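Undergrad: Based on the sequences and whatever the hints tell you, model everything.
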Amino acid sequence: MLQKTSAPHVSAPGGISRVMLWVAAALVPGVLGQLWWFGPGVLIQLAWCVLIALAAEALALRLRGQPVEVGLGDCSVLICALLLGLTLPGHAPWYVGLTATLSAVLLGKHVYGGLGHNPFNPAMIGYVVALIGFPIEMTRWTHPDAAVPLAEVWAAFSGALLPDQWTAATALEVFKLERGGMYEAEFKASRDIFGLFGGRGVEWVNALFLAGGLLLLLRGIITWHGPLGLLGALGLCALIGWDGGSSEGHGSALLHWFSGATMLGAWFILTDPVSTSATPWGRFVCGALAGVVTYCIRVWGTYPDAIAFGVLLSNFAAPLIDYYLRPRVYGHGRGAGRADE
Amino acid sequence: MSLVRIEPVRPLRGIAMPGHKERSLTRPIELLEAPGRLYLRVDPETVCVDLEGAVLGGELLGRCQGVGVHAPTSGRILAIAEAPMCHPAQLPSPHLVLEPDGRDAFRRSEPWTRLPEPAEIFRRIESAGLAGLGGAGFPTALKLKSGAQRTEALIVNAVECEPHITADAALLREHSDTVLRGAALVRRLLGARDIIIAVENSMPEAIAAIERTARDFDEDFRLCVLPALYPAGSEKQLTEALLGREIPAGGLPADIGALCLNVGTLAALATAVYQDAPLTHRITTITGSAVPRPGNYCIPIGAPIEDLLCSAGCAPEDVARLIVGGSMMGYAISDLRTPASKTVNCLIADDAGAVAPQPPQQPCIRCGFCVEVCPVSLLPQQLYAYSHSQQYERLEQHRLADCIECGACSWVCPSKIPLVEYYRQAKRHLHSAERERLASDAARVRFESRNERLSALAQAREAELLERRRARKLSHADRSAIAEAQQRASAAAAAADGDGDGDAAAEPPQPAGDVNQLGIALRQAQVQLAELQRRQAPERDIQHIQGQIEALGERLRSAASESESGSGSEPKPESGSEPKSKSKSGSS
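As you go down the protein sequences, you meet chains A and B in turn.
Just so it is clear: in the first sequence, position 19 is 25 by the numbering used here, and no numbers are missing.
Just so it is clear: in the second sequence, position 185 is 187 by the numbering used here, and no numbers are missing.
By construction, these hints were calculated from the structure, which means they are not laboratory data.
Computed from a predicted structure; not experimentally measured.
Where a beta carbon is used, it is the ideal one built from N, C-alpha and C, also for glycine.
Some hints could be false.
As the list claims (entries may be wrong) - Distance windows between CB atoms, simulated:
1) B:28 x A:49: 21 to 27 Å
2) A:12 x B:353: 18 to 24 Å
3) A:322 x B:252: 33 to 39 Å
4) B:47 x A:12: 30 to 36 Å
5) B:435 x A:260: 56 to 62 Å
To be verified - Cβ-to-Cβ under 8 Å is the rule here; a few derived chain A residues that face chain B:
6) 12
7) 56
8) 229
9) 337
To be verified - EDC-like mimics (lysine to aspartate or glutamate), calculated; alpha carbons at most 16 Å apart, straight line:
10) B:147 x B:106
11) B:147 x B:128
12) A:10 x B:353
13) A:10 x B:423
14) A:10 x B:556
TA: Below you can see the structure in the form of structure tokens.
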């Protein structure tokens, strides 16, 4: 008996898991940067989030009557957990990661029907739940120059708050709240939380995430539209708000690009295909929307960083953007029959 | 005279995918003998040879969907029998069964060394059974007609972008002169300005052959070597790349001054016109892991695929899957006895080891890989979502109808979703919905026109009744007019009486054009006639009056028909009054 397959009878090698593993690989430089500047806490958070995420995913698949191996095999939950782990402070206690991950996997993903059906980025759902639920734990980042002993790292994970001697407000927070009428350059020089062009340490972590993102772009796993939209809009806003560095200024484009979670957000979070727009220019608009929201909250809002809010708001708008920014189909409209010789 | 290399006007988009062409690319074309039986698909009512009669090679047997079917070799027609159609659905359909006699005798042909009038060339093209050999099988004569007088560029399509297929490359390598002759002929027939030969950079020998043979022609050719990208050979993509113009949706290439013909079609056309040899054979690539001698074969059309595979050294029992066409757009068939049709450009026979199990379908993650590769800029992932949820209005909005089913989206999909299959199903649904809509529209129109007709009839009847009622009312006036006429008639009769002889028989009054007056005059004359007859007047007078009556009757009829639209009541006073006047004349 001959087999009847439907055309096309061949397909490109690799599946979802290959895409996801490339994303994971592209995260490695940024993770190493975070490890270098902020200590081994990041690895604990990543491991913890991955563990919870796999368990939650397996449980959810089981409850929904889906094949567990297939669901875990696509590695999508791994990426979700990694992104979430990278956004948590390295010395957050265990319950923060637990709450965030369970929210991400169960509320952010499976409540909507699992992979491919979630309207919002699950990692950002988890992050926002943690940010609102544990405001103190979520803002206790260590100073990039602090060498926290391993015992303290473990103690912090077990639930003890990390002593103040190692923690510090982030560059964006300091820039926003503690300027006290100083010129920008003067202020930056007076505080060791600032680096060459962004936050100290964070600027390099951002640069490494940028490198990882460029790798994904090169591999064709993401397109340039979303990241360019976000970075372009953020940079443009910063340029408009830039007054040459007065005491009232809102920070240069470089500061905004290389501080906080900008590059991680632009190259890894915004580009989550499920929740963002699916059309090329839709992705650009989604990115630009996230960029503008991020800038506004950073400058005028109560939170020091706002990539998560920006991404979630752009997720809201994605279906509408998708509908209105459909590409022109061959043979329709202005291009049909037109010669451009 | 010259061959100019040109670059595509617009950059070509597409997927660089493994071509798998190396197995057959350099193999020479091998002519396959006709097997024990040939099955030629035909519309039974068009068969024009004797069943159980002998036929010669090249003889017209009948037609299939308007395109002539010719015998590939000499032999005997056995019957019209059902065989699976060379089509994805493989429906059984009538085929002429031809048993070759091994002599391979051909009918007498009339080769042309000098070309006659275009009309005669067209006639030969129409009778040669030519259809597009690239895969779609569109009747070539119709295509040429669609492009007559408005073709600027003739595109010679040798872009075999699908994996495995090397038939066009082999044809160009060995018979590029025939292809170029065909192209030059079509250019002359259509008055086209340019001939653009489009080839893929994966066929260097074919390119060399074109460059070599083009020197022998008095024509200018343009050669465009395109990168091996899928689906560059599709008519829409190729036209856009070469001319920078898009074929309007629902339109033809001719609408933008282009005509795209496959190299195999052009070679068949040149052979048909110059050699007077209709299309009976074609070049087909037979390849796949179950084929020990893959290559390019010149096959007799109508040969069962099973026999063709055997000729290429393949044991049919080893075949686990057979694809007709390329691995991107071809279709798998379940019956190896299916006879090869004119559109079979490739047969891929794979053994069980080479047929990978279809990977499980995973959810769409909207990665957008499909958006990037879609050659017509659709949003495949949206189309999938809408097909899945059966939102047909949305599907139309997202231009499902423009999908060329190239399969590029399915190829790249990391979730392994058979996207094209979903689109085909949705298209089928939309198609049948459209048919139903048309049928219900037709029914509505029929119903409405019936209602209109009935109401018009009812109105006409109403009007007639009114008219009759009016006529009855008028009869008073009529009666007085008739009485007056009778008086006048009797007066005239009395005068004639007084005259004695009918010599001076009174001329009936010359009536005016009015119908009523004419009628009155006629009746007067009739009364006169009766009176003369009663008195046995001379024959001459009676004849005179009779002539008058005839002339008056003629004038009355013509006047009545002129004013017919008026009331239609003209004849009534006549018919109503005639018996009266007769009785009057009888009594007088």
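Undergrad: Next, verify each hint and record whether it holds.
TA: Checked hints:
no.	hint	in the structure
1	B:28 x A:49: 21 to 27 Å	56 Å, violated
2	A:12 x B:353: 18 to 24 Å	20 Å, holds
3	A:322 x B:252: 33 to 39 Å	37 Å, holds
4	B:47 x A:12: 30 to 36 Å	34 Å, holds
5	B:435 x A:260: 56 to 62 Å	57 Å, holds
6	12	5 Å, holds
7	56	19 Å, violated
8	229	7 Å, holds
9	337	4 Å, holds
10	B:147 x B:106	34 Å, violated
11	B:147 x B:128	10 Å, holds
12	A:10 x B:353	13 Å, holds
13	A:10 x B:423	13 Å, holds
14	A:10 x B:556	83 Å, violated
The structure is inconsistent with the numbered hints 1, 7, 10 and 14, although it conforms to all the rest.
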